[in-house]
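> The listed protein sequences correspond, in order, to chains A and B.
Here the first sequence stands for residues 1 to 149, numbered as in my numbering.
Here the second sequence stands for residues 1 to 118, numbered as in my numbering.
No lab work stands behind these hints, which were simulated from the structure alone.
Keep in mind that the hints are not guaranteed to be accurate.
[Said to hold, decoys possible] Ranges of calculated distance between the beta carbons of each label pair, as one might list FRET restraints:
#, chain 1, residue 1, chain 2, residue 2, range
1, A, E54, B, K81, 43 to 49 angstroms
2, B, T27, A, K16, 22 to 28 angstroms
3, A, G125, B, Y113, 19 to 25 angstroms
4, A, K11, B, F54, 44 to 50 angstroms
5, A, G76, B, K79, 27 to 33 angstroms
6, A, I27, B, E49, 26 to 32 angstroms
7, A, I27, B, T27, 17 to 23 angstroms
8, B, K53, A, D79, 16 to 22 angstroms
9, A, D79, B, I34, 21 to 27 angstroms
Using N, Cα and C, we set each Cβ at its ideal position, and we do this for glycine too.
Below are the chains, spelled out letter by letter.
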Amino acid sequence: MDKMNNKEYQKYAEQKIPKPTYFKNIINAFLVGGTICLIGQIIRNILFRFELGEESVASATAIILVFIGSFLTGIGVYDTIGKIGGAGAAIPITGFANSIVAPAMEYKREGLIFGVAAKMFTIAGPVLVYGIGSSVVVGILYLMFTAGR
Amino acid sequence: MEYLIAFVVGGLICVIGQILLDTTKLTPGHILVIFLVIGVALGAIGIYEPLAKFAEAGATVPILGFGHTLSKGAIEGAKSKGLLGAFLGGLEASAGAVAAAILFGYIMAILSYPKTKK
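Using the sequences provided together with the hints, build the complete structure.
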């Protein structure tokens, strides 16, 4: 133990580092992410019964899922779902809602403006910057590539 | 059947995210932004639309679908209103989700308190 050379130590240290449970994480992400999408599909099918158009149904489904995500984060349930599901909980749009509510709750004592309202966008801000920014670029590129036709 | 397809496709998209999360130093925040931009790109080159038609919620619920909605909106805006539409279209198409996230996010953050951790 005392007189290990560098290589031996590295071997020893590697044994002690907990191996991430890749397989279990992947299964959990699949199940949680899949379930959230399944719930989205159920909401979608119910909304189609009201004879809304495709675009209205898509928007309404997103709004309802965002509400569910925010609500479950507020009552502390999404935290647990996130711990189990990992990326399966983060990637659906409910995870986007979670990324807004969680930091806003955390920083509430810093006030309603620079606490809640500012921290809401800790993750949502970058998402909107890159999302909206790149969408405008896509629109302009489309115009450039179709201008000659 | 459509439920099964939504489940499997949505689940697989999340698996890709989980593999990135476990094998790189990226955080869930990074993954969200990267997946969103990938969604915008896949939407722009027209690959995502067939997937969204096939898997419905399995493709539209993950953040990739949010990116797809943005770029689809921007292209449709550009088609109908030109340069102005390129600026308007993305936000118009995704306005519901963004407005809901801001309103519900704010209300829930005001009403609830984080669990005290010991």
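> Now tell me, hint by hint, if it's right for this structure.
Structure-based check of all given hints:
{"no.": "1", "hint": "E54(A) x K81(B): 43 to 49 angstroms", "in the structure": "violated (21 angstroms)"}
{"no.": "2", "hint": "T27(B) x K16(A): 22 to 28 angstroms", "in the structure": "holds (24 angstroms)"}
{"no.": "3", "hint": "G125(A) x Y113(B): 19 to 25 angstroms", "in the structure": "holds (23 angstroms)"}
{"no.": "4", "hint": "K11(A) x F54(B): 44 to 50 angstroms", "in the structure": "holds (48 angstroms)"}
{"no.": "5", "hint": "G76(A) x K79(B): 27 to 33 angstroms", "in the structure": "violated (45 angstroms)"}
{"no.": "6", "hint": "I27(A) x E49(B): 26 to 32 angstroms", "in the structure": "holds (30 angstroms)"}
{"no.": "7", "hint": "I27(A) x T27(B): 17 to 23 angstroms", "in the structure": "holds (21 angstroms)"}
{"no.": "8", "hint": "K53(B) x D79(A): 16 to 22 angstroms", "in the structure": "violated (34 angstroms)"}
{"no.": "9", "hint": "D79(A) x I34(B): 21 to 27 angstroms", "in the structure": "holds (23 angstroms)"}
In summary, the numbered hints that this structure violates are 1, 5 and 8.
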